[in-house]
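2 protein chains.
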Amino acid sequence: MQLKLILSFLLLTTCVLAFSQKKPSGKSNEQNIDVTEKGLIKISIMYPYTEGKTFNMEYYETNHMPMVAGFLGSNLVRYTIEKGLSSGIPNQPLPYMAIGTFYVKSLSEYQAAIAPNKDAIRADFANYTNVMPVILVSEVVK
Amino acid sequence: MQLKLILSFLLLTTCVLAFSQKKPSGKSNEQNIDVTEKGLIKISIMYPYTEGKTFNMEYYETNHMPMVAGFLGSNLVRYTIEKGLSSGIPNQPLPYMAIGTFYVKSLSEYQAAIAPNKDAIRADFANYTNVMPVILVSEVVK
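Protein chains in written order, with this note's numbering: chain E, 1 to 142; chain V, 1001 to 1142.
Keep in mind the hints are simulated off the structure, nothing from the lab.
Incorrect hints may appear among the rest.
Derived lysine to aspartate or glutamate pairs resembling DMTMM-like cross-links, with alpha carbons at most 25 Å apart [claimed, not checked]:
#1 Lys-105(E) with Glu-1061(V)
#2 Lys-83(E) with Glu-1037(V)
#3 Lys-53(E) with Glu-1139(V)
The structure displayed is predicted, hence computed values, not measured ones.
Based on the provided sequences and hints, a complete structural model is requested.
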């Protein structure tokens, strides 16, 4: 009798565990990324390549970008850094040495957060580059 | 005896199910995104803004980008489209009207896949824009 009770309990537990198994697939994860990014605002700080201009990627990654990201609070969804390798068109020069990008929910909140820190951000430029960046504000369509 | 066998089997099944439970949290998903993108190659096709130049975003999103993406096979991790809104520097013109980006694992595989389709891709340009794009090949650092 006691054995039958234990058996019933185990059977029930097995069923509960089996049906509560979550099966996350790679595909559903990718879809989550898309849903999250669409509609976000990107601020891309693009450093043009020109003969004689320099860019210190290590300083940019470990000091400058984390500093700016720290000003943005919960408005910042994520930020990325990319290193320019070449032009995708043969015989054309590299367009940009590096690009740093902030993905934010609100452009006005971004601007309000950056404004009081503009001097600190600009003063840090000389620590990693001697080129003036191009800045693009865009919206994620897909 | 038979009951004991069934009991043992159920106990084993319960243990296996309990320990094989995956517990994906929002946080670990975000970390997966970072891990996935770092080291990937980005091919960014950037359409400069110039007075009188046009760009049909609807055609680009529903026809051109899916066509090119279709050439890339499993080398393509994902692609994104963004719409230029403004310069991030006051009183500067919008740098780019639009940017389409392919995230791929291998640049040489990308080039090999695009080469035989270059004419079809270029012929489609006239259907959505009259500006020559700048193309940047870069590597995701963070």
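Report task. Find the hints from earlier in the document that the structure breaks and name them by number, from lowest to highest. Result -> none
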